[in-house]
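Undergrad: Position 20 of the sequence shown, counted from 1, bears residue number 20 in my numbering, the numbering being contiguous throughout.
Read the hints as simulated data drawn from the structure, not as lab findings.
All values derive from a computational prediction rather than experimental measurement.
All C-beta atoms, glycine included, are put in the ideal place defined by N, C-alpha and C.
It is possible that part of the hints are untrue.
[What the hints assert, rightly or not] Simulated DEER-style distance windows between Cβ atoms:
1) Leu41 with Arg10: 15 to 21 Å
2) Leu43 with Pro64: 34 to 40 Å
3) Asn44 with Leu23: 16 to 22 Å
4) Val52 with Asp2: 30 to 36 Å
5) Pro64 with Arg10: 36 to 42 Å
6) Glu58 with Ala6: 32 to 38 Å
7) Pro45 with Ala9: 17 to 23 Å
8) Gln18 with Thr57: 40 to 46 Å
9) Glu58 with Thr8: 31 to 37 Å
10) Arg56 with Lys7: 29 to 35 Å
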Amino acid sequence: MDAVAAKTARESLDLAFQMSNILDTGLDRHTLSILIALCDLGLNPEALAAVVKELRTELVPLPPSDAAHAIP
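Given these sequences and hints, build the entire structure.
TA: What follows is the structure, encoded as C-alpha coordinates:
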(Lines of atoms letter the chains of each structure in order from A and count residues from 1; the text may use other names and numbers.)
(Lines give C-alpha, C1' and ligand atoms only; values in the text may rest on other atoms or scores of the structure.)
Protein backbone atom coordinates (compact mmCIF):
# COMPACT_ATOMS: atom_id res chain seq x y z
CA MET A 1 0.00 0.00 0.00
CA ASP A 2 1.50 3.33 -0.98
CA ALA A 3 1.69 6.31 1.36
CA VAL A 4 -1.32 8.12 -0.13
CA ALA A 5 -3.54 5.04 0.09
CA ALA A 6 -2.40 4.38 3.67
CA LYS A 7 -3.17 7.98 4.65
CA THR A 8 -6.60 7.80 3.03
CA ALA A 9 -7.38 4.50 4.78
CA ARG A 10 -6.26 5.93 8.14
CA GLU A 11 -8.36 9.07 7.66
CA SER A 12 -11.39 6.98 6.66
CA LEU A 13 -11.01 4.82 9.77
CA ASP A 14 -10.61 7.93 11.93
CA LEU A 15 -13.84 9.36 10.51
CA ALA A 16 -15.71 6.08 10.97
CA PHE A 17 -14.41 5.86 14.55
CA GLN A 18 -15.58 9.41 15.29
CA MET A 19 -19.03 8.55 13.93
CA SER A 20 -19.02 5.36 15.98
CA ASN A 21 -18.26 7.35 19.13
CA ILE A 22 -20.98 9.92 18.36
CA LEU A 23 -23.46 7.06 17.96
CA ASP A 24 -22.13 5.50 21.19
CA THR A 25 -21.63 2.07 19.61
CA GLY A 26 -19.00 1.00 22.12
CA LEU A 27 -16.76 -0.30 19.35
CA ASP A 28 -13.03 0.21 19.70
CA ARG A 29 -10.91 1.25 16.73
CA HIS A 30 -9.54 -2.28 16.15
CA THR A 31 -12.98 -3.93 16.16
CA LEU A 32 -14.35 -1.24 13.87
CA SER A 33 -11.43 -1.80 11.50
CA ILE A 34 -12.16 -5.53 11.37
CA LEU A 35 -15.87 -4.94 10.74
CA ILE A 36 -15.10 -2.50 7.92
CA ALA A 37 -12.68 -5.01 6.37
CA LEU A 38 -15.34 -7.73 6.52
CA CYS A 39 -17.82 -5.41 4.80
CA ASP A 40 -15.20 -4.67 2.14
CA LEU A 41 -14.94 -8.42 1.56
CA GLY A 42 -18.66 -8.53 0.86
CA LEU A 43 -20.17 -9.63 4.17
CA ASN A 44 -23.61 -8.24 4.90
CA PRO A 45 -23.31 -5.28 7.32
CA GLU A 46 -26.70 -6.05 8.87
CA ALA A 47 -25.62 -9.63 9.55
CA LEU A 48 -22.39 -8.38 11.13
CA ALA A 49 -24.35 -5.97 13.32
CA ALA A 50 -26.59 -8.84 14.44
CA VAL A 51 -23.53 -10.93 15.33
CA VAL A 52 -22.00 -8.08 17.35
CA LYS A 53 -25.29 -7.56 19.22
CA GLU A 54 -25.60 -11.28 19.92
CA LEU A 55 -22.03 -11.55 21.18
CA ARG A 56 -22.58 -8.60 23.49
CA THR A 57 -25.67 -10.17 25.04
CA GLU A 58 -23.84 -13.47 25.56
CA LEU A 59 -20.82 -11.93 27.26
CA VAL A 60 -20.58 -13.15 30.80
CA PRO A 61 -17.69 -12.01 32.96
CA LEU A 62 -15.44 -14.89 33.92
CA PRO A 63 -14.57 -15.27 37.58
CA PRO A 64 -10.90 -14.64 38.34
CA SER A 65 -8.87 -17.82 38.37
CA ASP A 66 -6.51 -18.79 41.17
CA ALA A 67 -3.66 -18.81 38.66
CA ALA A 68 -4.18 -15.10 37.97
CA HIS A 69 -3.43 -14.34 41.62
CA ALA A 70 -0.46 -16.69 41.99
CA ILE A 71 2.92 -15.11 42.51
CA PRO A 72 5.60 -16.64 40.25
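Undergrad: Going through the numbered hints above, which ones does this structure break? Give me the numbers in ascending order.
TA: 8
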